[in-house]
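K.L.:
Residue strings, one per chain:
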Amino acid sequence: MDAKIGRLEQTARIIRARIIENSHRTQTPHLASCLSCVDILVAAYFEVLRIDPSKPTGKNRDRFILSKGHGAAALFQVLALRGYYPESMLDHYGEDGSVFAEHPPAPAYLPGIEAATGSLGHGFPLGLGMALAGRIQNQTYRVIALVSDGECNEGSTWEAAMLAAAQKTENLGVIVDFNKWQATGRSEEIMGPVSLAGKWRAFGWNTCEIDGHDMGELVRRLQQVPDGSGKPVAIVAHTVKGKGVSFMEDDNNWHYRIPSAEEVKAAKRELGVPA
Amino acid sequence: MRNAFADEITRLGASDPRVVLLSGDIGNKLFDKFKQQAQNRFYNCGVAEANMMSVAAGMALSGLRPVVYTITPFTTTRCFEQIRVDVCYHGAPVVIVGTGAGLSYAELGPTHHSLEDLALLRSLPGMTVFAPCDEVELRLGLRAALRQDHPVYMRIGKKGEPVIHDRQPDFQLGKAITIREGEHVCLISTGNMMPVVLDAGNIRILAQWGTERLPNFPHAPTLQEAGYPDVIYILWTGVFAPAKQEISSKKGKKKKQKRKNP
Chain A
43 MDAKIGRLEQ TARIIRARII ENSHRTQTPH LASCLSCVDI LVAAYFEVLR IDPSKPTGKN
103 RDRFILSKGH GAAALFQVLA LRGYYPESML DHYGEDGSVF AEHPPAPAYL PGIEAATGSL
163 GHGFPLGLGM ALAGRIQNQT YRVIALVSDG ECNEGSTWEA AMLAAAQKTE NLGVIVDFNK
223 WQATGRSEEI MGPVSLAGKW RAFGWNTCEI DGHDMGELVR RLQQVPDGSG KPVAIVAHTV
283 KGKGVSFMED DNNWHYRIPS AEEVKAAKRE LGVPA
Chain B
12 MRNAFADEIT RLGASDPRVV LLSGDIGNKL FDKFKQQAQN RFYNCGVAEA NMMSVAAGMA
72 LSGLRPVVYT ITPFTTTRCF EQIRVDVCYH GAPVVIVGTG AGLSYAELGP THHSLEDLAL
132 LRSLPGMTVF APCDEVELRL GLRAALRQDH PVYMRIGKKG EPVIHDRQPD FQLGKAITIR
192 EGEHVCLIST GNMMPVVLDA GNIRILAQWG TERLPNFPHA PTLQEAGYPD VIYILWTGVF
252 APAKQEISSK KGKKKKQKRK NP
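Protein chains in written order, with this note's numbering: chain A, 43 to 317; chain B, 12 to 273.
Bound-form chain B, shown alone:
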């Protein structure tokens, strides 16, 4: 999604001289094309997100359409008061983009996770919150966001996400899109959870191995009921270790034991 964002903001920046891109010292080379075409409308604001958000609000109050881009916690929780006061209370049309939203930067550790941003930004009056499920929605959403006269928060993933929409959906900010028709269950999803939810829709319980049906899954037959009376399912667990393996006790440290005959 990051690459699609860079590509789309470059296009939009070319056609709208009000578009200014502010980055919190990330996106190395990602915005080279934007910088080439509009050098005076790209600002690397350094590792100073609170100031970046206020600067964006000041620009928006002066007739521009700033887009603020950095990793999700730093563009939301790090500078929440600047969003609350400078952006939302002033009704400044700033587009805030959080990349690597949710756990899509899982490997970067908890400092880079964002599990609160949707709830926090939803609580702000005047703020539109939007989470595209793929790059098709991202491009449509970014175009729509820049047409708003009020703040928009857009949380996006990182890269390599599957494309969900095989054609242009009927897209409107605030309106749900039906991805797959069905009969018994309605699954509602948004953003980078969409592929997971679609996969969940592909799973059906064929049978369960107990002798009686489970209260939580009354529709799942037992193996016997499903026509496999002879199947026996045994679950066992154990720990394998090489001979003379040291095994730490719970308290560790001095209580290491050597087992002579494992």
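With the rest of the complex left out, here is chain A:
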């Protein structure tokens, strides 16, 4: 197990380096938002999800939805490394005609994508529909939606939370990338200092709080969807925005800032990834 976790952690370091390089090369933002959810994505795609990249539309595949669509730059790297499409496709990132924009395209345009997200509060409700559809059609697949704490501002997030609990949608899990920041400020200052885990609990979800950068804990918790309680599962993952690079960590300027060539070098040095 330890060796496996070590490999996942190494994968996460490589993904982080690629995201930072890509942000510099293509001059695209949302870097810190991507870095905070890399470990979650790696745990899901490289260990937990029952998926086959050669059959991206397989009927009984697990569905992972990046409801916080502004983490697309992280998802694109993960899907490439997982084998959904050649890594060389990413060379055209951000070019005219490329499918790689700042948010995920519709599934028809890129294998591995389950939903076009970016407008917050859409992906998770879409995932609820997919989870209910699985139950109606006697499928055993699970749906995991990754939402941001900023996204929990959206009313539709809570509309979906209510219906999912009422319908006992136990094949559905939500993982909150709780990095305590949203685009322009501290989450608790903007929309209130009420416990996020407490909210999910109050909405009828089986809720736990974990360190969102502890790979072993991420794998263990994500594997417990469904957890046999008859309730949907909420994992509030405490994360650090900009995680992995000391001069980006918990600094919200990196929501929009683009790293210079020097900063890319320094970041890779810290990550232990060769230049």
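If you're looking for bench data, these hints aren't it; they were derived computationally from the structure. Keep in mind that a hint or two might mislead.
Stated by the list, open to error - Calculated pairs, SDA-like style, for lysine to any residue (alpha carbon to alpha carbon, straight line, at most 25 Å):
no. : chain 1 : residue 1 : chain 2 : residue 2
1   : B       : LYS170    : B       : LEU157
2   : A       : LYS210    : B       : GLY74
3   : B       : LYS46     : A       : MET204
4   : A       : LYS241    : B       : GLY57
5   : A       : LYS101    : B       : GLY57
6   : A       : LYS222    : A       : PHE245
7   : B       : LYS255    : B       : TYR239
8   : A       : LYS101    : B       : TYR100
9   : A       : LYS241    : A       : ARG262
10  : A       : LYS210    : B       : ASP43
11  : B       : LYS44     : A       : ARG177
12  : B       : LYS46     : A       : ARG177
13  : A       : LYS101    : A       : ILE56
14  : A       : LYS97     : B       : ASP43
15  : A       : LYS97     : B       : ARG29
16  : B       : LYS186    : B       : ALA130
Fit chain B to the known structure of chain A by using the hints.
P.N.:
Here is chain B on its own, set in the frame of chain A:
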């Protein structure tokens, strides 16, 4: 039309296991038969239309044929972004039904009126928009909508509408149907305005009471020209009120006056 919708969706749900009905906490008892036959394919999504629309899109992307039903503004303007992004951009075959369309819920007040839905949903790429004029078209339209592989919006009335088609018309989504043949004028209509338009076709101006023809209606003869030279038409207006009636002035409040000798 509501009852015809409930009846037809119940039939279609019985023959097609992909049909799922989602309601935004309306249609009390209307869908009892559907629920009886397919309990696991009926969802009361509560008063949460934005989520309902996304859930429907997620179901459609997973091989089902969801039909979303609630009062027109709540299934269109309330959740327009969910229709735009989750349904249309994904090309998800969701059938969106708005009941009480236009002013057919006039008595419920402006919050329940829908005068923008046709224009808004027509603007979305990939969306087919359809307004049945009676329950015959509604049933044919709903069957056709569920055969599509893309989104359809269907706006319907409430109840008690007249039946326009006395036999099955040659129905195709996107193709006009001739209701009545004529020579001079072509009237084009859709949806629950159809009976009004058909009535309009029954009206003809016999004569007008002025001494000269009106520029807007040059074909309408004067009463004299029509052969009634002795008819005199006088229009007058007045207000009747009981004696000592209080009459409010324009500004109301303190300026009430009592009229002593009306």
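K.L.:
None of the hints should be skipped; say for each whether it holds.
P.N.:
Each hint, compared with the structure:
1. B:LYS170 x B:LEU157: Distance of about 23 Å is within 25 Å: holds.
2. A:LYS210 x B:GLY74: holds (21 Å)
3. B:LYS46 x A:MET204: holds (21 Å)
4. A:LYS241 x B:GLY57: holds (19 Å)
5. A:LYS101 x B:GLY57: Answer violated: A:LYS101 to B:GLY57 is near 29 Å, above 25 Å.
6. A:LYS222 x A:PHE245: holds (21 Å)
7. B:LYS255 x B:TYR239: violated (44 Å)
8. A:LYS101 x B:TYR100: holds (21 Å)
9. A:LYS241 x A:ARG262: holds (23 Å)
10. A:LYS210 x B:ASP43: holds (22 Å)
11. B:LYS44 x A:ARG177: holds (22 Å)
12. B:LYS46 x A:ARG177: Holds, at roughly 17 Å.
13. A:LYS101 x A:ILE56: violated (31 Å)
14. A:LYS97 x B:ASP43: violated (40 Å)
15. A:LYS97 x B:ARG29: Measuring from Cα to Cα gives roughly 23 Å; hence the hint holds.
16. B:LYS186 x B:ALA130: OK: B:LYS186 and B:ALA130 at ~19 Å, within 25 Å.
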